[in-house]
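Participant: Kindly produce the complete structure, drawing on both the sequences and the hints.
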Amino acid sequence: MSIRYGLEGRTVLITGAAGGIGQALSRAFLAQGARLMLLDREAAPLDALVESLHSHQVHSAVCELGSDAAVADVAAQVAHRFGRLDVLVHNAGTEYPTSIDDSSPDANARWAALLDNNVSGMWRLTRALLPLLPRGASVIHQSSIWGRTGVAGFSAYSASKHAIVGLTRSLALELGPRGIRVNAVCPGWVRTAAAMRSLAAMAQEQGRSEAEVEREILARQAVPVMLTPDDLADTFLFLASEGSAALTGQCLCPSHGEVML
Numbered sequence: 001m002s003i004r005y006g007l008e009g010r011t012v013l014i015t016g017a018a019g020g021i022g023q024a025l026s027r028a029f030l031a032q033g034a035r036l037m038l039l040d041r042e043a044a045p046l047d048a049l050v051e052s053l054h055s056h057q058v059h060s061a062v063c064e065l066g067s068d069a070a071v072a073d074v075a076a077q078v079a080h081r082f083g084r085l086d087v088l089v090h091n092a093g094t095e096y097p098t099s100i101d102d103s104s105p106d107a108n109a110r111w112a113a114l115l116d117n118n119v120s121g122m123w124r125l126t127r128a129l130l131p132l133l134p135r136g137a138s139v140i141h142q143s144s145i146w147g148r149t150g151v152a153g154f155s156a157y158s159a160s161k162h163a164i165v166g167l168t169r170s171l172a173l174e175l176g177p178r179g180i181r182v183n184a185v186c187p188g189w190v191r192t193a194a195a196m197r198s199l200a201a202m203a204q205e206q207g208r209s210e211a212e213v214e215r216e217i218l219a220r221q222a223v224p225v226m227l228t229p230d231d232l233a234d235t236f237l238f239l240a241s242e243g244s245a246a247l248t249g250q251c252l253c254p255s256h257g258e259v260m261l
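Counting with full-length UniProt numbering, you get residues 1 to 261 for the letters of the sequence shown.
Certain hints may be false.
[To be verified] Label pairs and their calculated CB-CB ranges: (1) Q206 to D73: 27 to 33 angstroms; (2) D68 to R110: 21 to 27 angstroms; (3) H80 to S103: 46 to 52 angstroms; (4) A48 to L115: 25 to 31 angstroms; (5) S103 to Q206: 18 to 24 angstroms.
Keep in mind that the hints were calculated from the coordinates and are not lab data.
Here a beta-carbon is modelled for each residue, glycine too, at the ideal position from N, C-alpha and C.
Facilitator: Written out as structure tokens, the structure is:
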């Protein structure tokens with residue numbers, strides 16, 4: 001029997017919904033009876049996800065989170081369709097290597113673009129949706145264990161995930177008097193297309209096989225099994241629910257014990 005989190009009828013917005021983790025979260029919140037507003041920058045996979053969910057409670061919008069106008073339009077749609085937003089899940093993010101030795105002409109631009117996409121997009125969307133967040137609302141940021149540690153060759157990604165932890169704590173203090181909670185999820189390695197591309201890049205940089213790098217990753221975990229997107233769902237559902245009412249400014253690390261903080 002699945003756990004019920006008391007989210008029936010709650011309005012939930014999920015960014016990066018068409019990605020591996022975003023799809024798992026969309027299915028999980030819908031199964032709890034929530035009303036969904038799903039965002040992604042890519043129309044085709046987003047449309048495919050909505051069609052697969054087969055529910056009148058699911059709505060979607062293509063949105064580039066770097067655009068003030070696009071974000072404002074999403075806020076207007078949420079206001080018109082739902083009137084309020086109970087749960088805001090910032091799941092969208094970009095992940096690619098940024099070696100300090102990269103001599104390509106666009107190296108600095110790629111570094112800055114990743115920070116803007118992963119951090120500023122959260123800030124921009126939260127500001128736009130803030131008038132729709134009532135007392136008791138929950139904001140959940142997707143960070144990473146690399147926001148608690150570090151990794152060679154991925155400085156921009158790791159820096160962005162550290163920044164998300166800082167943003168989480170600052171907004172928890174700022175929005176707490178309004179009754180709005182802000183927490184972060186810092187997952188370990190999750191078997192998604194983006195993560196496997198990063199694993200492949202690490203293997204290539206180190207001159208090793210992908211299987212060898214994966215074995216090394218799993219050896220650092222207390223439970224040596226790669227997480228799946230579905231494994232993360234209950235962490236997000238819990239943070240969205242009244243059962244986590246005492247938690248704000250916190251960073252939960254579902255990582256099979258790779259990070260214990």
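Participant: Hint by hint, note whether the structure agrees.
Facilitator: Comparing the hints with the structure gives:
The hint said 27 to 33 angstroms for the Cβ distance between Q206 and D73, and at roughly 44 angstroms that hint is violated. For D68 and R110, the Cβ-Cβ distance of about 22 angstroms falls inside the hinted range of 21 to 27 angstroms, so the restraint holds. For the pair H80 and S103, the beta carbons lie near 49 angstroms from each other, so the given range of 46 to 52 angstroms is met. Evaluation of the 25 to 31 angstroms hint for A48 and L115 yields a pass: the beta carbon distance comes to about 30 angstroms.
Look at S103 against Q206: about 19 angstroms separates their beta carbons, and that is inside 18 to 24 angstroms.
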